[in-house]
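**Student:** Following the hints, put chain B with the ligands in place on chain A, whose structure we already have.
Respectively, the protein sequence lines represent chains A and B. When you line the first sequence up against our numbering, it's residues 239 to 452, in that order. When you line the second sequence up against our numbering, it's residues 33 to 241, in that order.
Be careful, since some hints might not be right.
What the hints assert, rightly or not - PhoX-like cross-link-like pairs, simulated, lysine-lysine; straight-line CA separation at most 20 Å:
| id | chain 1 | residue 1 | chain 2 | residue 2 |
| --- | --- | --- | --- | --- |
| 1 | B | K144 | A | K249 |
| 2 | B | K193 | A | K241 |
| 3 | B | K226 | B | K144 |
| 4 | B | K167 | A | K333 |
| 5 | A | K427 | A | K276 |
To be verified - To be clear about the criterion: a stretch of chain A counts as covered by chain B if any three or more of its residues have a C-beta under 8 Å from a C-beta of chain B, and this derived list gives those stretches:
| id | segment |
| --- | --- |
| 6 | 283–294 |
| 7 | 339–352 |
| 8 | 410–420 |
Hints are computed from structural coordinates only; laboratory data are not their basis. The model shown is predicted, which means the values in this text are computed figures rather than measured ones. For each residue, glycine too, the CB sits at the ideal point set by N, CA and C.
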Amino acid sequence: MNKILFSSVSKKFVMAVAGLFLLLFLPVHLIINFMLLKNDPAPFNSAAHFMASFPLIKIIEAILFGALLIHLSYGIWLQIQNWLARPVGYAGGNKSETSFFSKFMIWTGLSVLTFMVLHFFNFYFIKLGLVPGNPQDFYSVAHNLFKIPAYNYIYLVCFVLLGLHLFHAFSSGFQTLGLNHRIWTPVVKVFAWIYSIGIPAGFAIISLTLWLYR
Amino acid sequence: MLDALNKKLIEANNDPVAFDHDCREGICGSCGMFINGHPHGPVSAITTCHLSMRYFKDGETIWIEPWRAKPFPVIKDLIVDRSAFDKIQTAGGFISVNTGAAPEANSIPVKKKNADEAFDSSICIGCGACVAACKNASAMLFVSAKISQFALLPQGRVEAKDRVRAMVEKMDELGFGNCSNTGACEAECPKEIKLTNIARLNREYYKAY
Ligand code: HEM
Ligand code: SF4
Ligand code: FES
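Chain A on its own, in the form it takes in the complex (with noise of 0.2 Å):
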């Protein structure tokens, strides 16, 4: 039974399923960030205090913690077996031509991971009563957070780097389900253009103009 839940082929499956489902929540929280724009905080701390208390989100939201954390922890075994399968590399570098973003899925896929320890703390787990602040009024929390130019700094560089790893993550994703077609994969491919240059750019868009029009 091990063998079959924990082969290369299925822990590579989990971590797609889990990676893609998490492809969903992206666009879902852009939309409602992009009410932070709106001068008047009621629209977004409504829409915030919807997603905190709607049962049917709360399961949701719990299927997404699961998914991150599985997500998470298979690609860092992932990658350990992928380190430990060339014990001696190449003296005179390896040169093959790949797809070049998937070289560094589990840099990028960290440094997502960093910035999001960081918005725990500035967001979820003042819900959560662990850190000073109003649950109710994520609106303003959010506007003073853009007001400091450093957590700009780190918003958007995490933004270009999300953005890489969704590069590849959404085409890589769809070939470990097996969904690979002669008409379909090339469309995939451009969806993954769209989608990971798509998304950082609606989040970098917000971060600037908070940061430098407000």
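**Tutor:** Positioned in the frame of chain A, the structure of chain B with the ligands alone reads:
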């Protein structure tokens, strides 16, 4: 080139550089080595034995290394032990038939498209360049070619489930890395085996459970 080097070494009473080769016509897969950062050298779709000196500049320094992967231990100099591939192959890369007179080849119809794709997968020579090129030392391209060559044909379907389970299990057990869809294998394979085979292996594996 290595022959010339070894002649010099022998004439100077030194040990020659050990390297593997057999057919010298690009079909046995034994001549693999890492040349200037690429398996089988910088020219695509050929084996080392087909790599001629005219592909290099006059006076160029050439870096040659053996395959580097935990399941391919170096025996001597440029020779590595690739018997890990044989172990994967014997785990399931076959079909079972009764001995006796060969049955009529055309009695089972096969779609032209499938026959062509199975043929394209079957030309893998087991050289190990895919493992050597892969940043994870993953053997997925090799295994997926071997899986596909049978999975696409009716004769291979009979044992398809057992085959894919056994071969993936053996591959993991031998310590090859996990595929991360980087595509170095496809870029370096002398027989131009395609990544679509890996997607097929994944599908076959999911279907087997
Ligand atoms: C919002 C966050 C994230 C999303 C949406 C995401 C999405 C994805 C997807 C869809 C894949 C492709 C899976 C596959 O091909 O099997 C992937 C791969 C990967 N992810 Fe993430 N990921 C996220 C965060 C992370 C984090 C925090 C880590 C930290 C360790 C991480 C590490 C990896 C690694 C190492 C891979 C490589 C797999 C490969 O090379 O194919 N990811 N990610
Ligand atoms: S898939 Fe290509 S590179 Fe890998 S063993 Fe077969 S012929 Fe060699
Ligand atoms: S010596 Fe047989 S493939 Fe090169």
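**Student:** Now, for every hint given, state plainly whether the structure supports it.
**Tutor:** Here is what the structure says about each hint:
no.: 1; hint: B:K144 / A:K249; in the structure: 35 Å, violated
no.: 2; hint: B:K193 / A:K241; in the structure: 15 Å, holds
no.: 3; hint: B:K226 / B:K144; in the structure: 18 Å, holds
no.: 4; hint: B:K167 / A:K333; in the structure: 10 Å, holds
no.: 5; hint: A:K427 / A:K276; in the structure: 34 Å, violated
no.: 6; hint: 283–294; in the structure: violated (count 0)
no.: 7; hint: 339–352; in the structure: holds (count 3)
no.: 8; hint: 410–420; in the structure: holds (count 7)
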